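Sequence lines, in order, name chains W and V. Start counting the first sequence at 44; every next residue gets the next number (our numbering). Start counting the second sequence at 44; every next residue gets the next number (our numbering).
These are computed hints drawn from the structure, not numbers from a lab. Predicted model, so just to flag it, every value in this text is computed and none were measured. Keep in mind that the hints are not guaranteed to be accurate.
Copies of the same chain look alike in the list, so a pair counts if it fits in one copy or across any two.
Unchecked claim - For lysine to any residue, the following SDA-like pairs were computed, each having C-alpha atoms within a straight-line distance of at most 25 Å: (1) 369 - 184; (2) 53 - 301; (3) 313 - 130; (4) 313 - 83; (5) 313 - 82; (6) 313 - 95; (7) 369 - 197; (8) 53 - 350; (9) 53 - 321; (10) 313 - 350; (11) 369 - 171; (12) 369 - 98; (13) 313 - 235.
Protein chains: 2
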Amino acid sequence: MPVGTRGAVKSVTHRDLVDLGAEIILGNTYHLYLRPGDGLIARAGGLHRFMGWDRPILTDSGGYQIFSLADRRRISDDGAEFRSHLDGSLHMLTPESAAEIQLQLGSDIAMVLDECIATPADQDITRMAMERSIRWARRARARWRQILEDPGASGVLVTNTGQAQFGIIQGGTHPALRTESAQATIEIGFEAYAIGGLSVGEPPNVMYEVVAQTAAQLPDLAPRYLMGSGLPDDLVECVALGVDLFDCVLPTRNARNGQLLTRHGPLSIKNAQYAEDPLPPDPECGCYTCRHFSRAYLRHLYVAGEMTAATLNTVHNLYFYLDTMKRIREAITFGSFEQLRLEFRQTFSRRPQH
Amino acid sequence: MPVGTRGAVKSVTHRDLVDLGAEIILGNTYHLYLRPGDGLIARAGGLHRFMGWDRPILTDSGGYQIFSLADRRRISDDGAEFRSHLDGSLHMLTPESAAEIQLQLGSDIAMVLDECIATPADQDITRMAMERSIRWARRARARWRQILEDPGASGVLVTNTGQAQFGIIQGGTHPALRTESAQATIEIGFEAYAIGGLSVGEPPNVMYEVVAQTAAQLPDLAPRYLMGSGLPDDLVECVALGVDLFDCVLPTRNARNGQLLTRHGPLSIKNAQYAEDPLPPDPECGCYTCRHFSRAYLRHLYVAGEMTAATLNTVHNLYFYLDTMKRIREAITFGSFEQLRLEFRQTFSRRPQH
Numbered sequence: 044m045p046v047g048t049r050g051a052v053k054s055v056t057h058r059d060l061v062d063l064g065a066e067i068i069l070g071n072t073y074h075l076y077l078r079p080g081d082g083l084i085a086r087a088g089g090l091h092r093f094m095g096w097d098r099p100i101l102t103d104s105g106g107y108q109i110f111s112l113a114d115r116r117r118i119s120d121d122g123a124e125f126r127s128h129l130d131g132s133l134h135m136l137t138p139e140s141a142a143e144i145q146l147q148l149g150s151d152i153a154m155v156l157d158e159c160i161a162t163p164a165d166q167d168i169t170r171m172a173m174e175r176s177i178r179w180a181r182r183a184r185a186r187w188r189q190i191l192e193d194p195g196a197s198g199v200l201v202t203n204t205g206q207a208q209f210g211i212i213q214g215g216t217h218p219a220l221r222t223e224s225a226q227a228t229i230e231i232g233f234e235a236y237a238i239g240g241l242s243v244g245e246p247p248n249v250m251y252e253v254v255a256q257t258a259a260q261l262p263d264l265a266p267r268y269l270m271g272s273g274l275p276d277d278l279v280e281c282v283a284l285g286v287d288l289f290d291c292v293l294p295t296r297n298a299r300n301g302q303l304l305t306r307h308g309p310l311s312i313k314n315a316q317y318a319e320d321p322l323p324p325d326p327e328c329g330c331y332t333c334r335h336f337s338r339a340y341l342r343h344l345y346v347a348g349e350m351t352a353a354t355l356n357t358v359h360n361l362y363f364y365l366d367t368m369k370r371i372r373e374a375i376t377f378g379s380f381e382q383l384r385l386e387f388r389q390t391f392s393r394r395p396q397h
Numbered sequence: 044m045p046v047g048t049r050g051a052v053k054s055v056t057h058r059d060l061v062d063l064g065a066e067i068i069l070g071n072t073y074h075l076y077l078r079p080g081d082g083l084i085a086r087a088g089g090l091h092r093f094m095g096w097d098r099p100i101l102t103d104s105g106g107y108q109i110f111s112l113a114d115r116r117r118i119s120d121d122g123a124e125f126r127s128h129l130d131g132s133l134h135m136l137t138p139e140s141a142a143e144i145q146l147q148l149g150s151d152i153a154m155v156l157d158e159c160i161a162t163p164a165d166q167d168i169t170r171m172a173m174e175r176s177i178r179w180a181r182r183a184r185a186r187w188r189q190i191l192e193d194p195g196a197s198g199v200l201v202t203n204t205g206q207a208q209f210g211i212i213q214g215g216t217h218p219a220l221r222t223e224s225a226q227a228t229i230e231i232g233f234e235a236y237a238i239g240g241l242s243v244g245e246p247p248n249v250m251y252e253v254v255a256q257t258a259a260q261l262p263d264l265a266p267r268y269l270m271g272s273g274l275p276d277d278l279v280e281c282v283a284l285g286v287d288l289f290d291c292v293l294p295t296r297n298a299r300n301g302q303l304l305t306r307h308g309p310l311s312i313k314n315a316q317y318a319e320d321p322l323p324p325d326p327e328c329g330c331y332t333c334r335h336f337s338r339a340y341l342r343h344l345y346v347a348g349e350m351t352a353a354t355l356n357t358v359h360n361l362y363f364y365l366d367t368m369k370r371i372r373e374a375i376t377f378g379s380f381e382q383l384r385l386e387f388r389q390t391f392s393r394r395p396q397h
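My request is simple: use the sequences and hints to build the entire structure.
Encoded structure:
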């Protein structure tokens, strides 16, 4: 899922996203709640109508952004009190209000509010946050059900009665806590389950172990969503471990910083070595950028500070991610997934290419 | 002609431009000469190949930007000595080198170097600059012919042997000087002629008078290009006076500042009154932006500082300009141009709409 924080995937248009084959995008509840406001969006008919995007949207709960505010937030069992990064105004997000906001936004998939913690964290802190996340998940699910059973009486302007709500498994890197979290969350019962609290600095092999152990405990038929991951090789490895859905800001954010992905690894387009390079970023790539533009031109646009650099680089990186997922799906269909995985391990490196 | 200063029309892709029906764009010699350099572009096969744009390109001479450098340039009969706005390095642009650079860029239409002056200017200063521009035009034409007669011997890497070169009529707002300039420039002989030195702050009716008087003296069969104009009503009025070609940064620059054009006049999308407005910027407009997005969404993108705001606003404004020119051409074909002109006068206002 390309990330469309504030109702737009940065530096590309919806037309670009449809061309790229994006089937779903992510919106950030924290940002949209503060500006333009979920009330305004609901009155416009919901986020789909407001932003003119008719494919699925997943919204996060807003929790992750609030926990990132550090000294501008205070967490209690009630919820998270925080000050807006825009104007310093005081707000309170609870498991209930996070569900209400997302029903007003009318996303197709809503996430429950969970407590994110700084990592690495010891087992006691991780347990406390995990247990609070379960209590919050219960409240979020109850409020969400209550609203959908009688939207008229809820005071909430529900713009998508077909919304699904996903639970989130926490527990850090502690297998016993992950197991407890998975069991309790499945017991509450959600349309599907996400694995949270990863991609926060732990080494890849640790992440893969936690994903493997957690995914194995989730219902076979419900999609599994690994939140906030990851690098291209993470996609391949985590699909192997049973993950279906990913979101990550890296393809779009790195594009704006001049980092383009290739099958062999990232390429930093600002390097002087590309000043007269007539090749496209990735000669094997079929995206609009690679079919029309050279590294020399893309470097020029980047160095000159042209906005088009961000657009063309983003188109390429999103294509790379979405194409990787497409190749994975095809390989699974044709029984050649292990071969693709091996190939990826042999050719893709996280280190910059020269 | 949309303006593509540094080898890109700001905030849109070539794909957007082709969708919009842009048949020609403008590139700035001053900017491209400094970065990435006309030598690099020539080695890449010329500006078309470098930037991946296969429709016509007009390049200016670089003069206008240099004259805008104020205390960073010194003009003599030889040419213009200036310091780069990028790194302060010293450069010299002459009528000959401006022709050479543009042949290396390989644009389809090159402009001669002319002397631009601060306005309003008295008749003596205007005469001196006009006369120097004629001397420069003679040298520019001679060097340009010489190179094209024997590119191999010129030391210039000509990337477009089919280039046309346009002369420029100067003379400020003084009819006698305009006449002298026109006669001398036509005597040198160019593929076509431009009217320079306007849209520099004079009132519209003064500009129209000069355009009328100058255009009347130009050859019937050569296209006339009014440089750096203008507002939408200028297009209609100046076509009536005999102008064929225009370039202007307003549609793109104003778009980035949140000003959208409508048939009734400009609309400032940042205004709070549009926060919940479900209408497109111009309900009568057929552009991608108006077909898909509301004023409320565009205002949100602008206020949030999303790059997509610039893209969507630029698409709209360029459509407005190109559509205006298209409607003018159709009206001329069908004999209804005077009716269109009258309609434009009655409905279009330069004042912001509410």
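Here's how the hints hold up against the structure:
For a Cα distance limit of 25 Å, the shortest separation of residue 369 from residue 184 qualifies neither inside one copy, at 33 Å, nor across copies, at 57 Å. Within a single copy, residue 53 and residue 301 get their C-alpha atoms as close as 14 Å, and across copies as close as 17 Å, so both meet the 25 Å cut-off. Proximity of residue 313 to residue 130 under the C-alpha cut-off of 25 Å is restricted to the inter-copy arrangement: shortest distance 18 Å between copies versus 35 Å within a copy. Within a single copy, residue 313 and residue 83 get their C-alpha atoms only as close as 41 Å, which misses the 25 Å cut-off; across copies the closest is 16 Å, which meets it.
Taking the shortest alpha-carbon separations for residue 313 and residue 82, only the inter-copy value of 19 Å comes in at or below 25 Å, while the best intra-copy value is 42 Å. In this homomeric assembly, residue 313 and residue 95 come within 25 Å of each other (Cα to Cα) only across copies, at 19 Å, whereas the closest approach inside a single copy is 34 Å. For a Cα distance limit of 25 Å, the shortest separation of residue 369 from residue 197 qualifies neither inside one copy, at 41 Å, nor across copies, at 53 Å. Taking identical chains as interchangeable, the C-alpha atoms of residue 53 and residue 350 lie at most 25 Å apart whether they share a chain (11 Å) or sit on different chains (7 Å).
Taking the shortest Cα distances, residue 53 and residue 321 sit within 25 Å of each other only across copies (22 Å), while inside one copy they are farther apart (27 Å). Proximity of residue 313 and residue 350 under a CA criterion of 25 Å is satisfied in both settings, with 14 Å inside one chain copy and 20 Å between copies. Proximity of residue 369 and residue 171 under a CA criterion of 25 Å is satisfied in neither setting, with 39 Å inside one chain copy and 67 Å between copies. With identical chains, the CA atoms of residue 369 and residue 98 are at most 25 Å apart within one copy only, with a shortest distance of 17 Å there and 34 Å across copies.
Taking CA atoms no more than 25 Å apart as the test, residue 313 paired with residue 235 passes in neither setting, with 42 Å inside one copy and 40 Å between copies.
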